[in-house]
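Chemist: Work out the full structure, taking the sequences as your base and the hints as a guide.
6 protein chains.
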Amino acid sequence: MTERSEGKQAQDRLQEFREFRERMNRRIFEQKDLVINRFFALDGQAYKPGALDEKTKEVAGLSASLVLRCDDCIAYHIIRCKEIGLSDQQIWEVLGVGLIVGGSIVIPHLRRAVDLLDELNRPGTVVSVDPPGHDHGS
Amino acid sequence: MTERSEGKQAQDRLQEFREFRERMNRRIFEQKDLVINRFFALDGQAYKPGALDEKTKEVAGLSASLVLRCDDCIAYHIIRCKEIGLSDQQIWEVLGVGLIVGGSIVIPHLRRAVDLLDELNRPGTVVSVDPPGHDHGS
Amino acid sequence: MTERSEGKQAQDRLQEFREFRERMNRRIFEQKDLVINRFFALDGQAYKPGALDEKTKEVAGLSASLVLRCDDCIAYHIIRCKEIGLSDQQIWEVLGVGLIVGGSIVIPHLRRAVDLLDELNRPGTVVSVDPPGHDHGS
Amino acid sequence: MTERSEGKQAQDRLQEFREFRERMNRRIFEQKDLVINRFFALDGQAYKPGALDEKTKEVAGLSASLVLRCDDCIAYHIIRCKEIGLSDQQIWEVLGVGLIVGGSIVIPHLRRAVDLLDELNRPGTVVSVDPPGHDHGS
Amino acid sequence: MTERSEGKQAQDRLQEFREFRERMNRRIFEQKDLVINRFFALDGQAYKPGALDEKTKEVAGLSASLVLRCDDCIAYHIIRCKEIGLSDQQIWEVLGVGLIVGGSIVIPHLRRAVDLLDELNRPGTVVSVDPPGHDHGS
Amino acid sequence: MTERSEGKQAQDRLQEFREFRERMNRRIFEQKDLVINRFFALDGQAYKPGALDEKTKEVAGLSASLVLRCDDCIAYHIIRCKEIGLSDQQIWEVLGVGLIVGGSIVIPHLRRAVDLLDELNRPGTVVSVDPPGHDHGS
Chain A
1 MTERSEGKQA QDRLQEFREF RERMNRRIFE QKDLVINRFF ALDGQAYKPG
51 ALDEKTKEVA GLSASLVLRC DDCIAYHIIR CKEIGLSDQQ IWEVLGVGLI
101 VGGSIVIPHL RRAVDLLDEL NRPGTVVSVD PPGHDHGS
Chain B
1 MTERSEGKQA QDRLQEFREF RERMNRRIFE QKDLVINRFF ALDGQAYKPG
51 ALDEKTKEVA GLSASLVLRC DDCIAYHIIR CKEIGLSDQQ IWEVLGVGLI
101 VGGSIVIPHL RRAVDLLDEL NRPGTVVSVD PPGHDHGS
Chain C
1 MTERSEGKQA QDRLQEFREF RERMNRRIFE QKDLVINRFF ALDGQAYKPG
51 ALDEKTKEVA GLSASLVLRC DDCIAYHIIR CKEIGLSDQQ IWEVLGVGLI
101 VGGSIVIPHL RRAVDLLDEL NRPGTVVSVD PPGHDHGS
Chain D
1 MTERSEGKQA QDRLQEFREF RERMNRRIFE QKDLVINRFF ALDGQAYKPG
51 ALDEKTKEVA GLSASLVLRC DDCIAYHIIR CKEIGLSDQQ IWEVLGVGLI
101 VGGSIVIPHL RRAVDLLDEL NRPGTVVSVD PPGHDHGS
Chain E
1 MTERSEGKQA QDRLQEFREF RERMNRRIFE QKDLVINRFF ALDGQAYKPG
51 ALDEKTKEVA GLSASLVLRC DDCIAYHIIR CKEIGLSDQQ IWEVLGVGLI
101 VGGSIVIPHL RRAVDLLDEL NRPGTVVSVD PPGHDHGS
Chain F
1 MTERSEGKQA QDRLQEFREF RERMNRRIFE QKDLVINRFF ALDGQAYKPG
51 ALDEKTKEVA GLSASLVLRC DDCIAYHIIR CKEIGLSDQQ IWEVLGVGLI
101 VGGSIVIPHL RRAVDLLDEL NRPGTVVSVD PPGHDHGS
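Residue numbers (this note's numbering), protein chains in the order written: chain A, 1 to 138; chain B, 1 to 138; chain C, 1 to 138; chain D, 1 to 138; chain E, 1 to 138; chain F, 1 to 138.
The hints are simulated quantities; they were obtained by calculation from the structure and are not laboratory data.
Where hints are given, some of them may not hold.
Given that identical chains are not distinguished, each listed pair holds provided it fits within a single copy or across any two copies.
[As the list claims (entries may be wrong)] The list that follows gives simulated cross-link-like pairs (lysine to any residue, SDA-like), each with its CA atoms no further than 25 Å apart: (1) Lys48 / Gln9; (2) Lys32 / Pro49; (3) Lys48 / Gln11; (4) Lys55 / Asp12; (5) Lys48 / Leu117; (6) Lys32 / Asp43; (7) Lys32 / Asp53; (8) Lys55 / Trp92; (9) Lys48 / Arg122; (10) Lys48 / Pro123; (11) Lys55 / Gly44.
Modeler: Listed below in structure tokens is the structure:
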């Protein structure tokens with residue numbers, strides 16, 4: 001496969017991740033299930049800056065997602081880390097901590113995380129969790 | 001139970017945790033198993049300051065330990081967080097992120113984490129992972 | 001993407017899930033591995049009505065699948081819940097309990113669960129775990 | 001060991017579980033951490049009767065706790081199941097589903113769950129999560 | 001603490017583990033729950049020699065128990081490994097694989113596993129899962 | 001679907017797994033992150049023959065991967081098991097142990113494992129983890 005087509009692939013996956021995420025967040029929001037909607041709100045609140053700044057809280061979220069081996073959660077937190085200004089070197093160090101805590105079982109997720117990070121660094125890629133011009137579902 | 005005797009209990013648990021941890025680290029180190037000893041060394045290296053400072057790396061370690069629900073690992077990282085100067089408020093915010101990511105199954109570990117934090121804040125408690133006057137086993 | 005083509009996508013995924021599940025169940029059954037075949041039989045037995053009715057046992061199975069974050073198991077139990085007559089509202093409440101127990105790491109699986117539930121509710125969708133006219137592999 | 005002293009032991013463990021749980025719930029509540037306190041409230045809300053009755057929701061909670069192998073959570077939900085009137089036979093069937101979904105790794109937790117259930121059935125044991133005469137911490 | 005009293009402690013823990021395990025296996029067996037009793041029987045069957053000998057199957061069981069971080073399961077499989085003749089060096093290598101696959105979160109369980117192994121090697125310790133003169137509950 | 005086209009599908013998945021694995025291993029290696037590269041080296045070392053032969057260590061790795069439910073890790077260890085000469089019957093027995101320890105939640109991964117094993121046994125399939133003529137990234 002040429003490097004170009006690999007880039008295309010990763011771009012498609014990123015686009016698909018965002019669209020599905022946003023469509024389903026909206027769908028779940030519209031269900032008006034009290035427990036679930038309140039949990040989504042609380043989930044947003046936990047990462048707001050407080051005694052710890054936003055960057056450190058995203059590091060906590062990314063680290064937890066790595067050791068629990070959830071690709072979508074890892075993708076979300078890596079995009080957020082880039083959005084709020086963590087350097088690639090800083091993100092790699094969180095990947096290192098996650099790998100040591102979680103062991104070799106984390107490696108397949110590490111591969112996909114690095115592939116996403118490279119895609120986010122490709123010129124022209126929009127680095128944001130939700131597509132531009134859309135409201136957040138939660 | 002009086003509050004005083006509760007303090008005594010938590011102090012005993014903390015003492016026991018440190019002694020067992022240190023004795024077994026030394027025992028494992030002396031076995032000279034190449035893979036295990038190298039992993040222990042690498043484990044130490046992952047938390048050394050780099051692009052991220054030591055505090056942020058300890059936050060990553062504490063967050064991962066919370067969602068993996070390992071009391072000993074949570075205890076280790078909370079003590080390290082206190083040692084290197086994270087405020088209680090900052091530690092509580094990591095507990096909050098861990099609770100949201102990991103769910104109510106984290107609550108029993110949250111209770112024990114808060115109990116330990118209170119013990120570490122009790123006047124006279126030595127805040128260090130290893131007992132004073134001892135070498136680290138790894 | 002139009003809503004129609006989304007429906008097509010979810011329908012394809014559902015079809016693929018059933019076909020692969022059934023083909024491999026048959027393949028595994030034909031291997032005649034004693035331990036594995038007995039486990040499959042026992043797995044069926046655990047959900048048979050007893051002191052608890054079938055619906056409550058499927059709720060137990062769905063809740064466990066959610067917190068263990070297994071998409072195929074979640075899909076299986078949601079289809080079964082629909083087959084034996086749980087209402088959508090009841091299924092949403094199980095999703096809520098699973099989300100609270102398992103935390104935000106469950107959210108990507110919740111999104112796929114809700115997408116499947118919507119597909120099962122689309123006019124013309126056959127709500128059964130195995131394709132019509134086929135025997136169960138186990 | 002005589003059966004009588006075993007009963008004493010289980011009773012002590014049950015008493016200790018309740019006291020620590022209640023003391024720390026109160027301690028956490030008093031910290032007034034917004035994210036954590038809201039999560040505790042939401043945790044209570046998820047089990048309130050709705051389209052599913054309280055018993056079915058407790059079954060969902062017990063099943064999830066079994067496969068996630070959390071002794072304190074299993075203990076909590078077994079006591080709640082008894083409090084709201086599930087029969088022992090019904091609880092055993094949830095244990096069976098949890099064992100099949102989660103595998104032999106659940107067995108040590110199953111042993112402790114059955115030991116607790118026997119203790120709750122011992123004449124004179126108070127079947128409630130919190131000691132009488134105390135307010136809930138959350 | 002003197003080395004002697006440490007030995008005493010480990011010996012007590014080993015004794016307690018065996019007694020509780022045996023008492024509860026018998027209790028569960030007597031309940032005559034079909035699903036649970038059949039699962040216990042199947043659990044025994046999976047480790048019987050076949051195309052793989054008993055030692056290799058115990059290695060598989062120990063490795064799985066390590067990465068799932070279940071102390072009782074680790075203890076059971078280490079005692080079985082010793083009973084059927086694996087050398088300490090061989091057991092240490094399984095501990096190494098489990099540590100690498102499962103990561104640093106395995107370390108507290110590794111410490112307790114090594115402590116148990118040392119206790120089993122202490123002159124006079126009976127190396128068997130169940131106390132002598134007792135029938136197995138399953 | 002004809003059996004032929006199923007074979008084609010499995011072959012494509014196997015090819016894709018190898019190419020992505022190798023490309024990302026090389027990418028990660030070139031990043032020269034000390035902690036991560038050392039961990040990859042240590043991961044290779046843990047499976048080298050010692051007191052246990054290579055086959056037994058691969059059994060330990062496969063068993064751990066099954067209960068942690070990581071498809072890529074299961075695929076890697078099954079290919080390795082075939083490469084170093086474990087018989088299909090031996091691999092099936094490890095699948096059996098993994099299923100019993102990990103429970104029904106392992107079944108979807110068991111299905112994919114058996115599908116891969118069948119593909120590896122198809123005449124003309126190259127049984128190796130990395131594509132021929134390529135260097136290992138780690």
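Chemist: If a hint holds in the structure, say so; if it doesn't, say that too.
Modeler: These are the hints, each one checked on the structure:
no.	hint	verdict
1	Lys48 / Gln9	neither (33 Å within a copy, 36 Å between copies)
2	Lys32 / Pro49	between (27 Å within a copy, 17 Å between copies)
3	Lys48 / Gln11	neither (29 Å within a copy, 34 Å between copies)
4	Lys55 / Asp12	neither (27 Å within a copy, 36 Å between copies)
5	Lys48 / Leu117	both (23 Å within a copy, 23 Å between copies)
6	Lys32 / Asp43	both (16 Å within a copy, 17 Å between copies)
7	Lys32 / Asp53	between (31 Å within a copy, 20 Å between copies)
8	Lys55 / Trp92	both (14 Å within a copy, 16 Å between copies)
9	Lys48 / Arg122	neither (28 Å within a copy, 30 Å between copies)
10	Lys48 / Pro123	neither (29 Å within a copy, 32 Å between copies)
11	Lys55 / Gly44	both (14 Å within a copy, 23 Å between copies)
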